[in-house]
Amino acid sequence: MLRSHFLNLALFSLLVSIFFAFLTQTTGRKQVRVMLVMGGSMIVLSLIVAYVMYPFPLPR
Amino acid sequence: MTETTLEPPADPIVRPRVNAIAPCLLAWLVPGLGHAWLGRRGRAVAFFLVVLATFVLGIASGGASPVISGQRPLTYLAVVDNLAMGPFDFIARRMTIGELVYRLPDSESDPRRLEIMSRVRDRVRIPTYEYGSTFLLTAGLMNILLILDAFDIASGRKD
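Protein chains in written order, with my numbering: chain A, 1 to 60; chain B, 61 to 219.
If you're looking for bench data, these hints aren't it; they were derived computationally from the structure. Source: prediction; values computed, not measured. There's no promise every hint is true.
Said to hold, decoys possible - Restraint-style ranges between C-beta atoms, simulated for each label pair:
#1 A:24 to B:187: 33 to 43 Å
#2 B:162 to A:25: 33 to 43 Å
#3 B:216 to A:3: 39 to 49 Å
#4 A:29 to B:177: 47 to 57 Å
#5 B:175 to A:56: 37 to 47 Å
#6 B:130 to A:40: 41 to 51 Å
#7 A:55 to B:79: 50 to 60 Å
#8 B:179 to A:2: 16 to 26 Å
#9 A:24 to B:216: 16 to 26 Å
#10 B:136 to A:54: 30 to 40 Å
#11 B:78 to A:57: 51 to 61 Å
Ideal Cβ placement from N, Cα and C applies to all residues, glycine included.
Could you put together the complete structure from these sequences and hints?
Listed below in structure tokens is the structure:
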């Protein structure tokens, strides 16, 4: 069981990006490109959203 | 003056059309099997491994198969999504809830409802339950896309 938020995020991004790379592209080079761009974007954008949300705590 | 000759237009790509029901059904039974049946063996193996990894992570992280509750309409969508995993949904339901149950009894005092809710609560208490359920739902969504992709390939809309 993975308790790290970041590791879960990275694994999820990796699996989803591999899936879409194979679904949308047929050649190896293009698949790798889609995988890197999509996986990287998911991780970076999630970190940005998390950083922006940081000053807003959940109501108690 | 040079002579220009007009080349005849190239023949449009004719993609063979096959019966679309069989690959869709196979894709529903096992992720990637529809693509293997259509001759896309490499992609089929990749799809199978990715969807299986997502599914296994969902179970291992404490995710639970959703159960339809009349008060929460979105649970209908979640159940349909998980059903797209075919027999894997039965396995997930057995492993997470303990039996093949899809709907909570409507009566709040029904002992059967309380029993199912208690099993679901046991899963919810696992710290990574939210991650696990998200992985399970994603595996279902992936297989829906695979079924549609197999349909497109079989009907000649996609290579």
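How the hints compare with the structure:
The beta-carbon spacing between residue 24 of chain A and residue 187 of chain B, approximately 35 Å, falls within the hinted interval of 33 to 43 Å. Checked against the given bound of 33 to 43 Å, the beta carbons of residue 162 of chain B and residue 25 of chain A, roughly 36 Å apart, stay inside it. Between residue 216 of chain B and residue 3 of chain A, the C-beta spacing of about 47 Å keeps the proposed range 39 to 49 Å intact. A C-beta distance of roughly 51 Å is found between residue 29 of chain A and residue 177 of chain B, which places it inside the suggested range of 47 to 57 Å.
With their beta carbons about 39 Å apart, residue 175 of chain B and residue 56 of chain A fall inside the hinted range of 37 to 47 Å. Between residue 130 of chain B and residue 40 of chain A the beta carbon distance is about 42 Å. The supplied range of 41 to 51 Å therefore holds. Look at residue 55 of chain A against residue 79 of chain B: about 57 Å separates their beta carbons, and that is inside 50 to 60 Å. Between residue 179 of chain B and residue 2 of chain A the C-beta distance comes to about 23 Å, which sits within the given range of 16 to 26 Å.
The hinted range of 16 to 26 Å is satisfied by residue 24 of chain A and residue 216 of chain B, whose Cβ atoms lie roughly 18 Å apart. Restraint check, residue 136 of chain B to residue 54 of chain A: a C-beta distance of roughly 35 Å satisfies the suggested window 30 to 40 Å. Between residue 78 of chain B and residue 57 of chain A, the C-beta spacing of about 56 Å keeps the proposed range 51 to 61 Å intact.
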